[in-house]
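Enquirer: Make the full structure from the sequences, and use the hints.
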Amino acid sequence: MSETLTATTVIDPIDRDVALEAATPIVIVGHVDHGKSTLIGRLLYDTDNLEDGKVAQIIESSKKRGLAIEWSFLLDSLQIERDQGVTVDSTRLPFRLGDRQFVIVDAPGHRQFLRNMITGAADADAAVLVVDANEGAQEQTRRHAMLLRLIGIRHIIVLLNKVDLLDFDEQRVAAVRRSVTDLLGQLGLEPALFVPASARDGDNIASRSDRSPWYTGPILTEALAAVPGADSRAGLPLRLPVQDVYRFDDKRYVAGRIERGEIRVGDSLTIGAQGSVARVASIERWQAPQRDFALAGESVAITLEPDVIPDRGDMLFPPSAKPVKAARIRARLFWLRQEPLRVGETFRLRLATAEHQVTVASIDSVVRLDDLTEQAASEVPPEGFAEITLAAAEAIQFDVFAPGTADGRGVLVDRNQRIVGGAPLLGPADVAGEHNAIHPSGGVVDAAERRRVKGHSARVVWLTGLSGAGKSTIARQAEQLLFSQGVDVSVLDGDTLRMGLCSDLGFSEADRHENVRRAAEVARILAETGQVVVVALISPLAADRALARRIIGDSFDEVFVDTSLSVCEGRDSKGLYAAAREGKIANFTGVSAPYEAPEKPELRIAADAGSAEAHARELTEFVLGKTGRG
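Residues in the sequence shown are numbered from 738 upward in steps of one, following our numbering.
Capping the alpha-carbon separation at 25 Å, the derived lysine to any residue pairs in SDA-like fashion look like this:
1) Lys1363 to Ile1288
2) Lys1321 to Glu1246
3) Lys1062 to Val1014
4) Lys1059 to Phe1030
5) Lys988 to Ala1010
6) Lys1059 to Gln1011
7) Lys1337 to Arg1286
8) Lys1059 to Arg1001
9) Lys1311 to Glu1333
Here are the in silico distance ranges between beta carbons for each label pair:
10) Gln1217 to Ala1130: 30 to 40 Å
11) Ser1245 to Val1137: 34 to 44 Å
12) Asp783 to Lys988: 41 to 51 Å
Since the hints were derived computationally from the structure, they do not count as laboratory data.
Glycine included, each C-beta is placed from N, C-alpha and C at the ideal position.
Expert: Written out as structure tokens, the structure is:
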């Protein structure tokens, strides 16, 4: 499943696969190697949901690898999955039980593929949490349970797999059940059912096992048949996110998937943020019987009177049941990026088919995964859970996150269109004081237009090196050379910044961190106006430079002005190194404070030898190449 899908998957009404539109999505989650893919393969086989010839293909694939029949090969369509033995993407398969249609979602278990689970499970109505009965709950069991809570899935079936390894011993199975129940209870989750099973052998999957006569509850297929479907959402007020608007002949069709409620010909609808009201003139379907109404879970196209034109992302809703509208929003977050999240970072919030630019205004609490308690923190660690406040330039329409619905299910997306976090919206944030009334606004002139007018792309070139390395001298001479060639360029020099913007900061590690952060924020703002920004800053710590890269994004280049300590001391006209060695200056980089040289800078300038002019020309050529002027 592509990571570029919206948080709530919308099926195009023109898609031939309209049979899936009313299906109930079920996500399969669990620790790697606990048997998710095997379970699904066996389930499809036992219920006659496999295509012709598929079983023979699985048998042949298993024989080639010297294995008994391996049901997981049904889903592991990527060669990397067969080679590594892990599922790396979310596989969606249609699945029928009697007259009821399901979509089975096999979500990844390995920690590096959790991003795909966020997208795969986003629209699920229920979950099957697979736990190896022999191993019990593991790290990913805990994380996936947290994700189920985050996404809002409350109907959870726990499949205790590989019970054959416990000889179907009732007491040993009961002990595993208690431990999983305790874990889920800490998260406020109560499983609907525990099913002891062996996916490999088919015990209690689609037929009752004679090896567990003590188990009299529903087998897995019976448990799935009892999952509440979309009908439970039909009684809620209508929410129809606009996926797209099509025009055929003289008609305009507004297409989307009904997330909840129902829609009928003649209904009055409010059109998103524009607030206009229109009447439903018709409800159109392709390759399906025509009706004058549609229910939650269906993908449809409607025509409107008058012929107003919604935008993609607009929400259609009854005038009497409006969604919440706020510019500061509390959100629960599962953070997927491998670097920490800090206040001030900006993302796109995907909410159904809409996208909004948002900034992290505050980190309100972070969940400790070892004991699941909440604590105050200044950042969210990789793969961490937290509650945060998001600020948008304009008010966003949304419904507060509610389990069992698509309400408030958002995801955060970075500049590379990669999903970096799941973010269900908990409601408007309290506004207390002037600071909380600040809402960042994005520019109306985009980067492409600025690039066309200026004749070059924006860039931030970050020069780092010891005091006396020659950073500022090189930067200023490169500035002159670039300007003479028509490049809109400016320089942010460390000493200049400390005379003004950063005059309140000292040289402690915390102050140096803040100095880098402020410089990066200013550089980002200048770059967003289309400029090339050359930053000349010691910035001794790799972590701080990594922070600058995160703030600035893809237009960031690190340049190491590599000058040896002895040469820097020899150039020391201010006597700073001598004073530092005499103990008169504390925390001086290279003497009493560390300098962490870049390991893989985009450019290394060997500044021990050669003239400043030559180094400036080297930097100038590098910048011209990066900005499309070379």
